[in-house]
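Protein chains: 2
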Amino acid sequence: MTLTVVGSIAFDAVETPSGSRDRLLGGSAVHFSIASSQFATTRIVGPVGDDFGDDEYAILRRRGVLTDDVEHIPGGKTFFWAGRYHRDINQRDTLQTDLNVFEDFQPKLSPASRDAEVLFLGNIQPDLQREVREQCTSARFVAMDSMNLWIDIAHVSLLETVARVDCLVLNDSELEQLTDEPNLVRAARRALELGPRVIIAKQGEYGSAMFTRDGFFGLTAYPTGDIVEPTGAGDSFAGGFMGYVAEHGGDADDATLRRAMAYGTACASFNVEGFGSERLYDLARAEIDARVAELEASSRF
Amino acid sequence: MTLTVVGSIAFDAVETPSGSRDRLLGGSAVHFSIASSQFATTRIVGPVGDDFGDDEYAILRRRGVLTDDVEHIPGGKTFFWAGRYHRDINQRDTLQTDLNVFEDFQPKLSPASRDAEVLFLGNIQPDLQREVREQCTSARFVAMDSMNLWIDIAHVSLLETVARVDCLVLNDSELEQLTDEPNLVRAARRALELGPRVIIAKQGEYGSAMFTRDGFFGLTAYPTGDIVEPTGAGDSFAGGFMGYVAEHGGDADDATLRRAMAYGTACASFNVEGFGSERLYDLARAEIDARVAELEASSRF
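Going line by line, the protein sequences match chains A and B. Residue numbers for the first sequence follow the numbering used here, beginning at 1 and rising by one. Residue numbers for the second sequence follow the numbering used here, beginning at 1001 and rising by one.
Please keep in mind that the hints were generated in silico from the structure rather than gathered at the bench. Hints are all accurate, no fakes.
Covered stretches of chain B, going by a simulated chain A footprint (3 or more residues, C-beta under 8 Å): (1) 1082-1089; (2) 1249-1263.
Cβ pair distances, simulated, as ranges: (3) B/GLY1249 - A/ARG61: 55 to 63 Å; (4) A/THR97 - B/GLY1064: 55 to 63 Å; (5) A/ALA255 - B/ASP1282: 32 to 40 Å; (6) B/ASP1152 - A/GLY53: 49 to 57 Å; (7) B/ASP1180 - A/GLY249: 43 to 51 Å; (8) B/ASP1152 - A/GLN106: 49 to 57 Å; (9) B/ASP1152 - A/GLU296: 35 to 43 Å; (10) B/ASP1289 - A/ALA112: 49 to 57 Å; (11) A/TYR281 - B/GLU1131: 55 to 63 Å.
Values in this document were obtained by computation on a predicted structure and should not be read as measured data. Glycine residues also receive a C-beta, built at the ideal position from the N, C-alpha and C atoms.
Could you put the whole structure together from the sequences, leaning on the hints where they help?
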């Protein structure tokens, strides 16, 4: 099945204890599609400026990502983010955020993008997420991300969007903020009442948890000792997760969703082992499968 | 097999969003033994003052905990701790700590306590932990806890003690502090080089992780929505873990250790559902088994 992702395309500048990079290909839709393209043909929808060139397109296309709906804004500059990671790599400071062309982003989907059976609404303004969702009438499984900003300033719109998706993927703290419920289990139960049949809480270095009306699935992170730069780990997780769902027909029963979480976890673990999503650029599917097998062995008792 | 635990016996005063209690039976050895006694005969070694009376002994004895080595210090007062939990129950402030009789604690083990095949060295000064460890010559599986205080002020002694145990159980942040390594996987690898063949990282609300020379096991916390008061959750975890090891002969192969982690996780989940360890006072073994079965189902994919 085909997969469409809408979200940010960016350049990131990062400082880490093991080195700095001043122009990394980043953005939620990029990290997502680099991972999801391992499993399903992925169309990426998002805006770029004049500074986004052949090198960047080449990276996406090498992974088979379809870039027809990357919208070039003449005279504009691509979204830019700069951050500094601490010695504890789970801590970071944002140094600069320039929205640039992302500020006035109005997603324009080609017929092919609208026909996707699986759709991921990356972290953008919830009105826009809803517009995209309405256009994709063939979608059989729709998931969305969001962030604390939209929970704060666009709460009502966000709830309307949440009501129209199958799966909500948020950081655990965002899920607690959205539902005003400091206990994750209660927060997830409330979120299920908002409409989605699947709630996924991303827990960073600790792993992830899935809540459905029928039950719970918890998976610890893949234990990597080689963390270089974790920007985009959550987006890689979502990409692996949604890619696996698309690969398996979009039915997304419990067994498929659980295995999709493991694929997301494996993709995230590769993401953090390099700058940006570079570790995934030339990754073989077999390497991901091997980590999923390791996760299966290391979670069984 | 019999199990001996050395550690604190305390009265706790706690404030939580759902109520306050000013005199709860607490302390690491108490939380531990209330859990471990579900699985194996447990002897508790620790000091109490004149304020520790028949009611407190009755709680321990009702669970079959052997209290012969509870040392009554005439004229003394029992260790007292007071804390306030936030709305996010994973955050707390310590309001008061009175070591009282615990300050000059010198563990005295009866022959029966020394004969235990399974030994847990609760969080006390590492010289004392080592003295106890040396006395228990029959012990086949020895685990220990510690804390940031001893890592700071008794580092060399702590390393000597760590070298003499089979299993080190620490919070993840303590493990990273002990090894001066901000990545948990690397921290665990370094800790394995210090002597123990098993390193367990407690990760609070997220679960726990076990590292051995052969591999890794990760288990998320049991998803309870009814958290009342979490003091002693880590000690209940250790009690369930060590109790299960003692029940299964102390051999502690990988399969036993994994299942023991699940039993520890289940005990911790009951602990947080009431004040102190009250939720475990009258708990049936079948209730624990049921949660372990749920954990098994919710971690499999």
